[in-house]
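K.L.:
This is what each chain is made of:
Number of protein chains: 4
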Amino acid sequence: MHKSKILIAASVILGMTSATAVQAEDRFASKFGPEDQIGAANNLSADTTLAASKLISTGKVYSLGMVISRETPAFAPRGVAVTVFSPSQSGNKTIGSNSGTYNDDMFTGWLGVGTQIDGLGHLGDHHTYYNNNHAEDFVLATGLTKLGIENVPPMATRGVLLDIAAIKGTDRLEGGYVISLDDVMKAQKAAGTEIRKGDVVLFHTGWLDLVGKDDGLYGRIEPGVGLEAAAWLADKGVVAVGADTWGLEAVPHEDPDAFFPVHVKLLAENGVYILENIVTRDLAADGAHEFLFVLGQAKLKGAVQMIINPVAVR
Amino acid sequence: MHKSKILIAASVILGMTSATAVQAEDRFASKFGPEDQIGAANNLSADTTLAASKLISTGKVYSLGMVISRETPAFAPRGVAVTVFSPSQSGNKTIGSNSGTYNDDMFTGWLGVGTQIDGLGHLGDHHTYYNNNHAEDFVLATGLTKLGIENVPPMATRGVLLDIAAIKGTDRLEGGYVISLDDVMKAQKAAGTEIRKGDVVLFHTGWLDLVGKDDGLYGRIEPGVGLEAAAWLADKGVVAVGADTWGLEAVPHEDPDAFFPVHVKLLAENGVYILENIVTRDLAADGAHEFLFVLGQAKLKGAVQMIINPVAVR
Amino acid sequence: MHKSKILIAASVILGMTSATAVQAEDRFASKFGPEDQIGAANNLSADTTLAASKLISTGKVYSLGMVISRETPAFAPRGVAVTVFSPSQSGNKTIGSNSGTYNDDMFTGWLGVGTQIDGLGHLGDHHTYYNNNHAEDFVLATGLTKLGIENVPPMATRGVLLDIAAIKGTDRLEGGYVISLDDVMKAQKAAGTEIRKGDVVLFHTGWLDLVGKDDGLYGRIEPGVGLEAAAWLADKGVVAVGADTWGLEAVPHEDPDAFFPVHVKLLAENGVYILENIVTRDLAADGAHEFLFVLGQAKLKGAVQMIINPVAVR
Amino acid sequence: MHKSKILIAASVILGMTSATAVQAEDRFASKFGPEDQIGAANNLSADTTLAASKLISTGKVYSLGMVISRETPAFAPRGVAVTVFSPSQSGNKTIGSNSGTYNDDMFTGWLGVGTQIDGLGHLGDHHTYYNNNHAEDFVLATGLTKLGIENVPPMATRGVLLDIAAIKGTDRLEGGYVISLDDVMKAQKAAGTEIRKGDVVLFHTGWLDLVGKDDGLYGRIEPGVGLEAAAWLADKGVVAVGADTWGLEAVPHEDPDAFFPVHVKLLAENGVYILENIVTRDLAADGAHEFLFVLGQAKLKGAVQMIINPVAVR
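Chains as they are written, first to last, in my numbering: chain A, 514 to 827; chain B, 514 to 827; chain C, 514 to 827; chain D, 514 to 827.
Wrong hints could be hidden among the right ones.
Identical copies carry no separate label here, and so any pair may be met within one copy or between two of them.
Unchecked claim - Below are the DSBU-like pairs computed for lysine-lysine, each with C-alpha atoms no more than 30 Å apart in a straight line:
1) Lys573 / Lys544
2) Lys726 / Lys659
3) Lys659 / Lys606
4) Lys567 / Lys710
5) Lys544 / Lys606
6) Lys749 / Lys681
7) Lys749 / Lys573
I should point out that these hints are in silico values taken from the structure, not numbers from a laboratory.
Keep in mind it's a predicted model, so treat the numbers as computed, not measured.
Please take these sequences and the hints and turn them into a complete structure.
P.N.:
Structural data, given as structure tokens:
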């Protein structure tokens, strides 16, 4: 039996209402129906893709993924290791009449490292996730049986950069700074556009510049999107929200006792994907506020999240 | 003692020319200079990207990556495993005042599984790789110090589908079938276009339909691009060549004693990337011969290859 | 809050007794005190070690561990892979003036594969483990903070082989056969000894002979120690109970609806270690019923179980 | 082109003798015959085991393995990670009528970390290993096909502690200190015994005490067994040589240009196993110079080395 069910049962017995549990049941239902697994990706459409393609005017391409290595700071205890070798070619062995040789590589580590997409099964509360999926019903050791990253369709849609650092007149926001709805309003005005359904919204904070300079500070705190702004973005119908920070939202959180409340708001409550450690540097430097955003994440079955390298074209 | 040692050194001692070794030195030099690490990706340009973006007329988006799991057939001993769990939440533990919960995932396995890009450090001969990089100079256990996958710039360029199965009037080419230059000519004519510098060329053979139906047959042999066609494509300046097969080239090879000679031709000799297990099915079904092809592979430092999910937009 | 605590709270509120939860609290307390982490290993002593050493009369040594590979059948989704390579020696590179070369190896997989010891944090019920340790208090993703395998002291004590196959006049017991207390009595009589405090008791069933012959049958069911026999052994003060089966106890279980009840009985309730896939074949063939049993498992901090190779000397 | 290729082949072509290559061929032949894979383990016998068992007079048991974790210093890029979780029990799920729960663990990392045994396929020169096995003939990515750790029989034999720190009147030898044959003579005299065929010899240097205090110093250099002492031990017929250091031999080496020459001497030339990071502390504190040494390493097929926890009983 679920804890949440027990809570509910207890409240029923005692004639009380378990506000938290009931709220979860309500909050996490998908507006796209009980079978929905992709959330705000339902807001993608051929029309928005076609419209976004019209934004391409120079052909300049941006790599929005960071280079990831053993040294990349990550949420503990996450880490990665790539190991490269030349299988069965020890001792100068070559293969075939052309003396062929080759290298291969193994990856051992966590998928939530560096530039990444959080799938809808990543974070919730009371073991309940997007569309009221309870952990016990879809979280297997061999992979998620629902909400797995393989379900997320490719995103080829309008990307909008909100340069909050610029709005605040700084190169780098302070750790813990909570991006307000007012900040979002000012930034979209500065961008000369308005957030629309189907958009992917990327925040530039300057925080990623700390990587390799002060990894400790980088990982300990961060500026980030506040709850009010997140709710507003979700209401607009955005598909994903990203930033050049490791966890999108302000750390410490607005409510310092909560556990990643903006994640819960976006992922579980609204089915909006989160993109972390996005390299917004070059877009910000170019003043590129609108572009075609393309993301095709590797489709590992049942994975919760994925290391990615989204592409912006303008 | 090793045969190759004797063969190569003998030529030096006796004042002869080691044809094989010298040929390798010549063949593998980059025309983009001794510092070049990205090969045919140098043929990407803002102009070709801009031109490719004009191909988008419907906004339809294609996911060209397959779903990858423990069951995915792969070149032995390659395999993958994703493991999902709820870190430190055993026993119904939740986190914070909002009873937050989350799932994370680990990946243990090989990067050359399923839909993948072969980097330029993947395959060569005589332990020599693209731009005359010798294995001993760049292959470390902790990753390639040159030619690593993190160097490959995003591809946002024209994709061209060559539907060889259609040309040959079949749903699936036979295993071992060698795609000839004539086949390419006919297919591009059928596509109503010509291969150009900066293109990514994808071959549809129908072979991928065997996955899940007859994995043994799928992995044992395959139809594929022949040496003549590969050389022609490289001369045209294509950035990458892909197919809906596990190894791009015909297996058994044209020269059954050689070790992946088309890989050597494309990767080592010409710096042209190889894309494997590409899901061309939907493109072929739609008769989609030209499209914007976008690939941003995760930038794991020093990795040889990468699991990918390219995106086509038309 | 723990589910069990909630159950208890509910019962308090309603004036009822949660039999299950309370029973767990009672059953799993250590008789060695609230700080105890090693359970029946407290029954080891210099005296029993010294006495066991006197059993050595021939100097014959037995390896009780099986060879473990990718092919070894294991409880799903467990598996192992060893990968061997010559780090950074690609292309015939050697190291130093002596042209040194070396091979290294990686292990990616689960520790509960093949011949293994189950630590006291492996299995319990209601998320409660030996000595009333609740999962939320000691199970971290980075390892157990209590009951980790590194705490288990080396066992150098008397081993006793109970050849149940011989007692039953067969080479291999049937899958599902439940070893009764009567079987144990007969087997120890045949062995010419009596089980004592500090012993490690190994059951020979012949089941391990199926590995490599019929892995499917091997892993689907098994003969094993029954609850009554397990309780009796625990009462005697044995340190560990092992067998030549993958899970020690009968599968299907005596109570087919329960989850490994003998594991709960031994590990959680009595702190008695479980040894699985023990190669008893040679001991049985030699009629070796008493011997010095020595086990020093690798001390990976926080690990739950460990792949082992115990040694018998007689 | 590779220097070694030219050097070796030149001798063949010109009718000269390649001193290096020929020396390797001679040095690495097993005196136990061309099929031999276990080297000095051939010196184990029931007689030496029986004799060693007579050394047990108190029943005191020593764990000679260190606790190993992510923090354990290791030869770069080696490292380990244990990950613990409760498979498919997210959200308070329990299993069966008894509400069973369990924890499992994965290991991702290198086997040459912490207390370990080096198998005979670990280190050689010119890609040649014990008994003239060439890398190309037995080193596969999926494991060694010869000299794998699974072949090493259990060691239950006399252990002799040589307390060199005591001989030199210090708690810890200096990094780089080369243990001489004279040191060995003095230490065995102090131990009141003589090294014999079939022994496992353990050196106490005090160096392991640096772990956790100064890991940097610990891993950068170390005191260790010199070539002369190693050769003498091999001649005596010892099965294995160990120490409380990460690499057994002095670092920097006696010949600073060579690559682990004592490893080559012991492993490749003499088939003598190497035991590293042995916890000799308690033996030294007790003045325990002779004891029954028991090692059963996990038998992972094709592995090069293994994390171990040998047991001493006296």
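K.L.:
Hint by hint, say whether it matches the structure.
P.N.:
Hints and how they fare:
1. Lys573 / Lys544: between (37 Å within a copy, 24 Å between copies)
2. Lys726 / Lys659: between (39 Å within a copy, 24 Å between copies)
3. Lys659 / Lys606: Only across copies: Lys659 and Lys606 sit 17 Å apart there, 45 Å inside one copy, limit 30 Å.
4. Lys567 / Lys710: both (17 Å within a copy, 23 Å between copies)
5. Lys544 / Lys606: between (59 Å within a copy, 27 Å between copies)
6. Lys749 / Lys681: within (24 Å within a copy, 49 Å between copies)
7. Lys749 / Lys573: Answer is both: 28 Å inside a copy and 23 Å across each meet the 30 Å cutoff.
Of the numbered hints stated above, none is contradicted by the structure.
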